[in-house]
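Chains as they are written, first to last, in numbering that gives the first Met the number 0: chain W, 0 to 410; chain D, 0 to 410; chain Y, 0 to 149; chain C, 0 to 149.
One or more hints might be untrue.
Now the in silico label distances, taken between C-beta atoms and shown as ranges [what the hints assert, rightly or not]:
1. Q112(W) with V194(D): 33 to 41 Å
2. E246(W) with D263(D): 30 to 38 Å
3. D105(Y) with G410(D): 25 to 33 Å
4. T76(D) with Q112(W): 39 to 47 Å
5. G23(D) with D13(Y): 23 to 31 Å
6. I3(Y) with N164(D): 54 to 62 Å
7. G108(C) with D395(W): 39 to 47 Å
8. A214(D) with A26(C): 47 to 55 Å
No lab work stands behind these hints: they were computed from the structure. C-beta atoms are modelled at their ideal positions from N, C-alpha and C, and glycine is treated no differently.
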Amino acid sequence: MPVGHAALSACKADFPLLAREVHGKPLVYLDSAATSQKPESVLDAMDAYYRETNANVHRGVYELAAEATSRFEAGRTAFAKLVNAPREGCIFTKNATEAINLVAWAWGVRTLQAGDEIVITEMEHHSNIVPWQLVAQITGATVRFASVTADGLLDMEDLAGLIGNRTRMVAVVHVSNVLGTINPVARIAEMAHSVDAYCLIDATQSVPHMPVDFAALGVDFLAGTGHKMLGPTGIGVLVAKPEILEEMEPFLGGGEMISDVRKDGSDWNEIPHKFEAGTPPIAEAVGLAAAADYLMDIGMDRVRAHERELAGYMLEAMSEIPDISIFGPRDLDVRGAAVSFALPDIHPHDIAQLVDQHGVSVRAGHHCAKPLMRCLGVPATARASAHIYNSPEDIDVLVEAIGAARSYLAG
Amino acid sequence: MPVGHAALSACKADFPLLAREVHGKPLVYLDSAATSQKPESVLDAMDAYYRETNANVHRGVYELAAEATSRFEAGRTAFAKLVNAPREGCIFTKNATEAINLVAWAWGVRTLQAGDEIVITEMEHHSNIVPWQLVAQITGATVRFASVTADGLLDMEDLAGLIGNRTRMVAVVHVSNVLGTINPVARIAEMAHSVDAYCLIDATQSVPHMPVDFAALGVDFLAGTGHKMLGPTGIGVLVAKPEILEEMEPFLGGGEMISDVRKDGSDWNEIPHKFEAGTPPIAEAVGLAAAADYLMDIGMDRVRAHERELAGYMLEAMSEIPDISIFGPRDLDVRGAAVSFALPDIHPHDIAQLVDQHGVSVRAGHHCAKPLMRCLGVPATARASAHIYNSPEDIDVLVEAIGAARSYLAG
Amino acid sequence: MGSIDSLYQEIILDHFRAPRGEGSLDAPTASVDSNNPLCGDEVHLEVRVEDGKIAELAHSGQGCSISRSSTSMLAEEAVGLEVGEALERIEYFRLMLHGDAEPDEDRLGDAVALEGVAKFPARVKCALLGWLALKEALMTNAEGGANGHR
Amino acid sequence: MGSIDSLYQEIILDHFRAPRGEGSLDAPTASVDSNNPLCGDEVHLEVRVEDGKIAELAHSGQGCSISRSSTSMLAEEAVGLEVGEALERIEYFRLMLHGDAEPDEDRLGDAVALEGVAKFPARVKCALLGWLALKEALMTNAEGGANGHR
Ligand SMILES: Cc1ncc(COP(=O)(O)O)c(C=O)c1O
Ligand SMILES: Cc1ncc(COP(=O)(O)O)c(C=O)c1O
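Just chain W, with the same shape it has in the complex:
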């Protein structure tokens, strides 16, 4: 099937919210990097779960509990298939942030020592900075930041220089939520492994938008989140190599993650359950399965092709805006459809507020990436980010709305 804007953005009809109006104008939703909208099939799957088979999972013998367990575990299977990972390596968390914290606390706090180094980058989201800072503070380890080049790429030379004998973890964002940059994570994993360090990727912005193959990338850990991949809030996934999980001590303690609890100590359940304490996000896993199925039905290659074209259109159309600064690479091979920009005369906050009057939702701020903002030399940017349901027309509305906002403020 040929890929083209028309082919994919027709799926917009599957997303009920996109039919709404804002301030009397049709909604143009360009904030999918913050969270995506959900197709009908995801909402229906969760609703049906609660109406038909809601029960607690794993420990129940009765029919309802067996049905609930099988629908819940199907969520794991679907996600594992989407990212080509072993099922037992997929741990449900509440979001991507918890997934990274799980590694930081369960592995980091227990094994890092003073002098050890964690290498991250200047383009990380706070979720892949702060957990390592907390762990460093507790253990005496050090966090080092690889720099970003002027054209918004990871400086691979700088990174290579930072990775050395003391490196225990290299944690890198797969696709930047600010710059759109796609990082060469397979190569980074090799670099980490060459010094016996682990490699974790924050795949929050890649899994929803392009084919991601956990096994082929060779990374040790991958963090993802449900709500950006057309799925519900309240669920994230940590994917890890099973042999690493086997060795790791657990993180959260409680029900389901144990095989025995005695007054003098406890034994752990099998992976992945060892890392899933308490009642898991059951309805959310059902929704995640529907989201993964929806994406796989389209095909991640087509999703990526659509968004690549759209990114090209965005860069072109937005470059026409007078005096605009656009951050991030221009080469479509290494970027997704999240475009951050700034204008000299109008603050991102005012842009977001004023284009909202035209129905357009874009984000303004530091995008949870303050160190990157300091590199870019701006306090904040505005960001338009697309998903499969967006079309070039959406970008046209944005560009026009920015023009109107400018005139409004200039008076």
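Knowing the structure of chain W, use the given hints to seat chains D, Y and C with the ligands on it.
Okay, now just chains D, Y and C with the ligands, sitting in the frame of chain W:
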């Protein structure tokens, strides 16, 4: 309004799942201690959220994000009202288990020292045992267990003997999920405070079933969970005294919980946000608000009165079953409507499997309370547990189904 | 899912009501305690391996009808088998319970009756409890240990 | 929610386009850096308190129209006030932005125009940024410190 079975169990019609059949028989759901069913209003609120105002919260300027934020924060307000706690003391977690782990890791790992003691009880759920064992293992602190009396009450004398100068935390279940016992937590909080220890209560089984007043109880921390209180999976709440939260270091690191992130360190956001890293359970908070409102509309006094009566009926009707052992107190003033039992000739697993044939859902196993199982001298029990939507007729069906299961196995 | 009578067949109930091989051994070469975290079931299994063959097997513990009858069937079937053969049959039994192998009476004896458990996923662990304990005991034995714990 | 023109009134845009009090002081008695985690806005505020009164106030930084105009209005309004009085008005302004107090020109001057911000919760922090920085500076000063950091 008079309280009576008829008055409340009429609300069964609000719960769509309860209209279903299992094995051709009308469903009789008696496993609400594992998870509750959800009223239509909760499902509709979440569905409407996704269809109408889904956006990421807190950081967005545009209309959709403002609406999402206000619906999300209304969830906090509703829960705070339900348990009479300050809003800023209510932290959203993924479940009750994470709520307890938050205290164990954020406070415990950073402040406990070898020789310090954590006092818990033999009737705790694994969620209030394992986190303390993990922290004890890391810090060198010790976990001590107060014993349970023969009639299923907490041994207050034993507890008083355990609480002393080395005690830093007294963590107690408010209502036991196995025995139904309601513990005198206000008095326990006083005992803890008399030695300058904190008091945490696991209110997972109390908040859904009776009036719980955080301020009046005087406890320092309270853990609750959404899915047992007619709300969705994927959300729990840690309630804490704001002045304690102000002093505490954060737990999970990431977006939303910071006020600044620099390469050399970070500053934290205000409470409760300091403890909410990453995208929170947004739709789940909307569902939780609807659940809290549903309960408050009925009135927690009436909920408790209904379940007290039902517990009385359960104890009476089930006592008629030949050779049955019923665990937990008989005094209705100190117990809820969760009744664990055992029969000499038929294993709990077989009971649960065979009564399921009659449409009855009960739980069998250790109920995530293995140390308590050892006290009771059984490997497992069967447990029937009720909520507002249950009636005495449900218990009659259970009693009859148990009789049939027995004959079936005896041949 | 499955019909209840396929789960509780007469032959299963028979093993449940009169389990074979209950008790303990005078001189086990290996013994194992295993439990099912799902339901709290526990099995204590003792085995005497001589000349590479299972000479004796005994078990005790508490469990549901499925775990007890399954262990009883195992006791009946395993004695006399070579260690390698026994391990093979345990694996075959596991596959059958996951729906990945046909019931084969030559290999499993009465335990073919447990085929229906495959349709009740929550009970698969019950049916496997004793069999996996034997596997562990045989592995322990192979490694020369006298007593396996977990 | 609110209408956009109630947010961007002419008087607000006027302060935005020509902010009052921008710059720095020669001899501040306190200075504060504050930022809005929502949008990354930053304000640097310097104040000179003499004989219990605000003698001079200056500010610099980067921000949106709302935070800049709000700080400009503050600069116009605060100079000459006694410290206690200034703190009172800051609190009154905060209450107005939360919809808990009426706009009162005597107390707030041009800043009454920011009343409409109450209907845009995401912008309340923008409007408060400079005002809370002044509060912090005045508290620092009360405590005798010369430089407040956070
Ligand atoms: C007494 C008690 N505490 C804690 C929990 C754990 O709650 P959750 O699974 O929602 O974390 C449960 C329920 O499973 C419980 O019954
Ligand atoms: C690159 C990146 N990493 C991590 C996250 C955190 O995801 P979540 O909020 O679901 O934990 C986000 C989104 O906010 C992100 O864009």
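Taking the hints in turn, this is what the structure says about them:
no.: 1; hint: Q112(W) with V194(D): 33 to 41 Å; result: 35 Å, holds
no.: 2; hint: E246(W) with D263(D): 30 to 38 Å; result: 32 Å, holds
no.: 3; hint: D105(Y) with G410(D): 25 to 33 Å; result: 28 Å, holds
no.: 4; hint: T76(D) with Q112(W): 39 to 47 Å; result: 45 Å, holds
no.: 5; hint: G23(D) with D13(Y): 23 to 31 Å; result: 28 Å, holds
no.: 6; hint: I3(Y) with N164(D): 54 to 62 Å; result: 58 Å, holds
no.: 7; hint: G108(C) with D395(W): 39 to 47 Å; result: 43 Å, holds
no.: 8; hint: A214(D) with A26(C): 47 to 55 Å; result: 49 Å, holds
In summary, this structure violates none of the numbered hints.
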